[in-house]
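Asker: Letter by letter, the chains look like this.
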Amino acid sequence: MPKEMNLMKRITMWMALAAVALVGFSAFAQEGTLDAETILDRVNSAWQGDSFHGIMALDIVLGGQTKSHKLEVWTLGDDLALIRILEPEIDLNSGFLQLGDVLWRYAPGVGSIKLTGFGIGDALFGAGPSLEDLSHGTLSDDYDASVETDPEGNGGYFLTLVPHLDAPVVYGKLEIWISSDYVIEQLIYYDQRGEVLQIAIFSDVIEVEERLLATTIVIEDSFGDRTIERIELAEFDLALETEFFSLETFEGWGDD
Amino acid sequence: MTLTMWRIAWRNLWRHKQRTILMIATVAVGSLVILILFGLTDGMVGSMTATQIEWNQGNFQVRTIAYADDPIPENALSPDQVAAVMDRLASMRTAGITARMETFGMLRSAYGTDGVSLRGIDPLAELSVTHFDELIVEGRYLDADGQVLLSATLAEDLDIRVGERVVILAIGADGADSRAFIVSGLFQSPSTDLEHMVMASIDDVRAMTGFKGATTLAIALPRGASDSRAVAEARELLAGQQNIVVADYFDLNPFARFMIAGSTIKMIPFVLMISLMAGFGVANTAFYSVLERTREFGIMTAVGMSRKLLSRMVLMESTMVAAIGFVVGGGLGYGGLLYLSQHGWDISMLTDMVGSFGFPRVIYASTSGWYWVAALSVIVVTALAAAWYPARRVNRLDPVTAIREG
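Going line by line, the protein sequences match chains A and B.
Per numbering that gives the first Met the number 0, the very first residue in the first sequence carries number 0; after that it's consecutive.
Per numbering that gives the first Met the number 0, the very first residue in the second sequence carries number 0; after that it's consecutive.
Note that these hints are calculated values from the structure, not bench results.
Fair warning: there could be bad hints in the mix.
Going by beta-carbon spacing under 7 Å, a handful of chain A positions derived as facing chain B [said to hold, decoys possible]:
#	residue
1	A166
2	P167
3	E174
4	W176
5	D190
6	Q191
7	L196
Partial list, computed: chain B residues near chain A (C-beta under 7 Å) [what the hints assert, rightly or not]:
#	residue
8	S90
9	R107
10	S108
11	A109
12	G111
13	E163
14	V166
15	R178
Each residue gets a CB set at the ideal place from its N, CA and C atoms; glycine is no exception.
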């Protein structure tokens, strides 16, 4: 896989996981028994339709070697996303632009290159159940979900999602631990043989504009490779215009 | 007299066993290398052709002109065109005809993603063209929608097992579409270019791409039927159909035309080199043998033996050496070719390096009798021509000088 696609895969993985790590803090009071779809809708509801701006640091550990990146991210709704690479220095001001199904890669001096639909599919794939799966009512189309209350008695939830046989999902099972205030604490992906493929652990939850945000996410796969993601800045409900998500924005980087 | 000369020549040869064995070995190695070279080169081309016809393309295909230039589903034959072609070719004597819908996509497992060529087939009709079911090494052939066949190599690369779910992403008329498939079986890919081919039912691929027709119609001929005559007949039958072409083996494999044309030309320097090696080997040794026996030849001439007979004797010695070398080398070489024609030579290591040109994983040597003629004409004739100079020197021998200086 080309280097930038590998990075993009990990970035989009972060975006999907960061999204499920958010919650409308005061939106939901504790209720009685909820079904899995309702719980996940609540986990994601704060994210949907909002704009977001953040800075995050990524440490990617592959084969024992660590590469560090710092990224600035803007999103608007589900379809628009812009990523600017701040570190390492050699990649400064290069980035990615997602316009619906179309993904652009930008590098100063080279310009913008449109990546195929396969590229974005490949990138988003790393995140497992996408935001759409979890928040747009398609959960029941693709998964059989079961809910248990937190075995440790903390008032949270333990969800098991098993993809339907015909669901376009390569995982065998997903296990999700959600706190009583609807923050995902842990997500485990299993392959179809029951082996753990990947574990994502969410921690360092802070409150940002009445939302709860896990600012550290550690994703470790079965080969021992890890991605450690730390959110250094998070802002919500900005007045972002759709025009901002354009190739011209790329060109303006470096002038500021 | 002649028989006596042959006997003397034979005895002369074994006066210096090592030298004679060296000459025989030179001719034997030359014959062996030429036989193997011809047999493997022809075998490579033959195996490649057979593999593509029997396991991939059929004897010829019908497609649109646009698809030949740009193989995407948008350029597929429409359902009406498919029906019209089937109707017109119905009068031909074929072994089978099948519609396929092919596109490119990404295959995903829990452990990785790889680019694939997705081939939608009619599982039953396909077997009249390629007999793909015979290549299944694990699981079973397609028997329902929602299933795929993968090559064992691809399955190993992406850690996929029979019965597991994979996701295929393909670009269709309405953008990208992802679908889940269950792996029904794994096939042993007969050539490198089929390792990344995934087979599913044509209805599934049509649904994914949004195109209802077929990108190609593959046609197989009965054994022994002439490809060129069948292609000509099909072209005649489809002459009235606009935007439709009949693609023969070379249209489908332009690289093969280059290989066949190139292989003969490329062999010339090798054959020349081997001939020179054998020629110099024999000439050098025969010449040294003549020099060594100069005094002996001088005495034989002085007691009344004609120089013509002596030079003939030298030629006889070379002839016997060349003949023995040819029989030994030719026998070993042909034995090797016979073995390789039955058991084949697995060149997957090499084909992995050179990439997907449709090379078969195993090539079977060709054992045409013409290789004997080629080796005989090249090696033996060269060896005899090389012996001509020492024989000529004997023919011009002055007995007095030979006795004095020999």
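Asker: Can we keep the D190 (chain A) interface hint, with Cβ of chain B closer than 7 Å?
Answerer: holds, 4 Å
Asker: Does the interface hint hold: is G111 (chain B) within less than 7 Å of chain A, judged Cβ to Cβ?
Answerer: violated, 9 Å
Asker: Hint validation: S90 (chain B) versus chain A, beta carbon distance must be below 7 Å. Holds or violated?
Answerer: It is violated, given that the least Cβ distance between S90 (chain B) and chain A is near 42 Å, above 7 Å.
Asker: The hint names S108 (chain B) as touching chain A; please verify it with the least Cβ-Cβ distance against 7 Å.
Answerer: It holds, given that the least Cβ distance between S108 (chain B) and chain A is near 6 Å, below 7 Å.
Asker: Minimum Cβ distance from E174 (chain A) to chain B below 7 Å?
Answerer: With a minimum Cβ separation of about 15 Å from chain B (threshold 7 Å), the hint on E174 (chain A) is violated.
Asker: With chain B as the partner, please determine if W176 (chain A) meets the hint condition of a C-beta pair closer than 7 Å.
Answerer: Since the shortest Cβ distance to chain B is 21 Å, the answer is violated.
Asker: Restraint: A166 (chain A) near chain B, CB-CB cut 7 Å. Satisfied or not?
Answerer: holds, 6 Å
Asker: Does R107 (chain B) meet its interface restraint, that is, does its C-beta lie within less than 7 Å of any C-beta in chain A?
Answerer: Where the cut-off is 7 Å and the nearest Cβ of chain A is about 5 Å from R107 (chain B), the hint holds.
Asker: Does L196 (chain A) pass the interface check with chain B, least Cβ-Cβ distance below 7 Å?
Answerer: holds, 6 Å
Asker: With 7 Å as the cut and Cβ atoms as the points, is R178 (chain B) at the interface with chain A?
Answerer: holds, 6 Å
Asker: Close enough to count: is the Cβ of P167 (chain A) nearer than 7 Å to one in chain B?
Answerer: holds, 4 Å
Asker: Quick check on V166 (chain B) please, does its C-beta sit within 7 Å of some C-beta on chain A?
Answerer: holds, 5 Å
When held up to the earlier numbered hints, the structure conflicts with 3, 4, 8, 12 and fits the remainder.
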